[in-house]
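Trainee: Okay, here's what each chain looks like letter by letter:
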Amino acid sequence: MIAPLFKTGLMGYPGYMISGLIIGILFGFVLERSGFGSARKLTAVFYLRDFAVPKVMFTAIITAMMGVFYLSALEILDVSKLYFSPTYVLPFIFGGFLFGVGFLIGGYCPGTALVAMVNRKLDAFVFAFGVCFGILFFSWIYKPAQGILTATSMGTITIPQWLNVHPGWVIIGVIIFAFFFMGAANKLESIFGDQTQEENS
Amino acid sequence: MEQKNPFLNPYLGGFLLGLILLAAFFFAGQGLGASGTFSRITAMVEHWIAPETAEANAYFGKYFKGTKHILNNWLAVLALGVLIGGAVSGFLGKRNKTEIVSGPNISTNGRLVLALLGGIITGVATRISFGCTSGQALSGGAVLSVGGWIFMFSVFAGGYAVAYFFRKEWI
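Residue numbers (our numbering), protein chains in the order written: chain A, 1 to 201; chain B, 1 to 171.
Here chain B stands alone, though its shape is the one from the complex:
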């Protein structure tokens, strides 16, 4: 039988996520984060292709200063865990199927072009803001960081500002 709503109640999900974030503070002294690992992977790939360029880059250079591997990092193992946990939950919920997620009114190619464009914009934005929805909004928000709250409200403002123009993509 198909369940109407297969997802966790958002308040229960939020409470559990809050406990997980609290555990991150308790054990590691830092919050959750995802975009930093994307940055490290980008730098790592550039380093495979052009090591000197990557090491000399003003932004990526810091990743190559120490003796540790670039992915020998707490946020990188966290991201690995996210992949594992997401896979387990998707498997249990039978949501692990090959598909392209969009509303009914957009072509497949249109959706993929917008996914690429949105990704590029998001990537730039994470570096300007020192983080993403996990690191800045969620973790920064929970420690009442001024920047975390500025970031969070700005994210919602940005989304609502353009939602009308991209409504065919989603609804």
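Just chain A, with the same shape it has in the complex:
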């Protein structure tokens, strides 16, 4: 297995950092080009008017997921060397919910705020300042809260490991879920979309 190139030693630290810069440029370009530099576009999904955000996310997840699966099956990519965070069930449910609340109120997430800031959206600057302040606040409460934040730990675990099934079954499940989700999203967009001037009930 040759990949991940940095972790197998085939690519050194300078190459690793240059890959980060190039991947970041492409990431920022696609985010902006998809409309994610606008808080209105990002929050429209929560008013059932524009499902671009979950459509992009699920399509990206499926693409990368299948890529990882096939590169692993071809013995090119060693999935055991891929980093991802451990799972803490209740903290993640709470943190995710809180993130959704902050996203809806603030209009951005950290990555899209970068794209919006560089295109001179003043609300994104204020949002980003808020994110930094929130992180500073977290750093003050981290020590006493550490026990709660690491409760209900499952370790670093994938859905196939958790269900004890072959990853292929989970991939098929995700694709079927996405298929029905996209169908429902298109239906809802045809009902609620393109009526931005209409007063809501």
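A portion of the hints provided could be inaccurate.
Calculated lysine to aspartate or glutamate pairs in the DMTMM-like style (CA-CA distance at most 20 Å, straight line) [said to hold, decoys possible]:
1) B/62 - B/52
2) A/41 - B/99
3) B/65 - B/52
4) A/143 - B/46
5) A/81 - A/189
6) A/143 - B/55
7) A/7 - A/75
8) B/65 - B/46
9) B/168 - B/99
10) A/143 - B/52
11) B/68 - B/52
12) B/62 - B/46
Keep in mind the hints are simulated off the structure, nothing from the lab. What you are looking at is a predicted structure, and each value in this text was computed from that prediction instead of being measured.
With the hints as your guide, set chain B onto chain A.
Mentor: Then chain B, alone, in the frame of chain A:
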């Protein structure tokens, strides 16, 4: 002539984003992420003002352990790239103009206050969840991490739970 929809088709955008994420796994062995860099920048600024406090902090202390600069980090150069790529695309699409983005039914000051409040909540949430929509939902989701999927569904639940109360901000 004004185009009706200047944005990428979401399926094409998603496919390209998926290839970019796959490239991150292939080259670096890690996914995309944005909130970690916000955390490093916050720690760096605290370190400028009060170095000993920052180094002694239970959460920020880890950033100051090694000899590398705090922003000598893969996710930090990724964030720099996001700024460059976002600027290029915004320039090409003529979307790089000074403005405050909101719906038509909220005042400018109201929107800025909510942007600050939402940012603070989001900042806390990213640290509780070890990441944001990029690191946890997108990258964790693609490697089928249990936590990534829990986080993603919880984000949508949180957004829908409060969307009604903030409808004047957006529609």
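Trainee: For each hint, tell me whether it holds in the structure or not.
Mentor: A quick look at each hint next to the structure:
1. Distance restraint check for residue 62 of chain B and residue 52 of chain B: the Cα-Cα separation of roughly 13 Å lies within the 20 Å cut-off, and the hinted pair is therefore satisfied.
2. Under the criterion of a C-alpha separation no larger than 20 Å, the hint pairing residue 41 of chain A with residue 99 of chain B is consistent with the structure, at around 15 Å.
3. For the suggested pair residue 65 of chain B and residue 52 of chain B, the alpha carbons sit about 13 Å apart, so the restraint of at most 20 Å is met.
4. For the hint linking residue 143 of chain A to residue 46 of chain B, the alpha-carbon distance of about 17 Å falls within 20 Å, and the restraint holds.
5. Taking the CA atoms of residue 81 of chain A and residue 189 of chain A, the gap is near 40 Å; set against the 20 Å cutoff, the hint is violated.
6. With a C-alpha separation of about 14 Å, the suggested pairing of residue 143 of chain A with residue 55 of chain B holds against the 20 Å cut-off.
7. Distance restraint check for residue 7 of chain A and residue 75 of chain A: the Cα-Cα separation of roughly 15 Å lies within the 20 Å cut-off, and the hinted pair is therefore satisfied.
8. Proposed proximity of residue 65 of chain B and residue 46 of chain B is supported: the alpha carbons are some 15 Å apart, at most 20 Å.
9. Annotation: proposed proximity of residue 168 of chain B to residue 99 of chain B holds, straight-line Cα distance about 18 Å (limit 20 Å).
10. For the hint linking residue 143 of chain A to residue 52 of chain B, the alpha-carbon distance of about 17 Å falls within 20 Å, and the restraint holds.
11. Of the supplied pair hints, the one linking residue 68 of chain B and residue 52 of chain B holds, its CA atoms being roughly 17 Å apart against a limit of 20 Å.
12. About 14 Å separates the Cα atoms of residue 62 of chain B and residue 46 of chain B, which keeps this hinted pair within 20 Å; it holds.
Violated hint: 5 only; the structure is consistent with all others.
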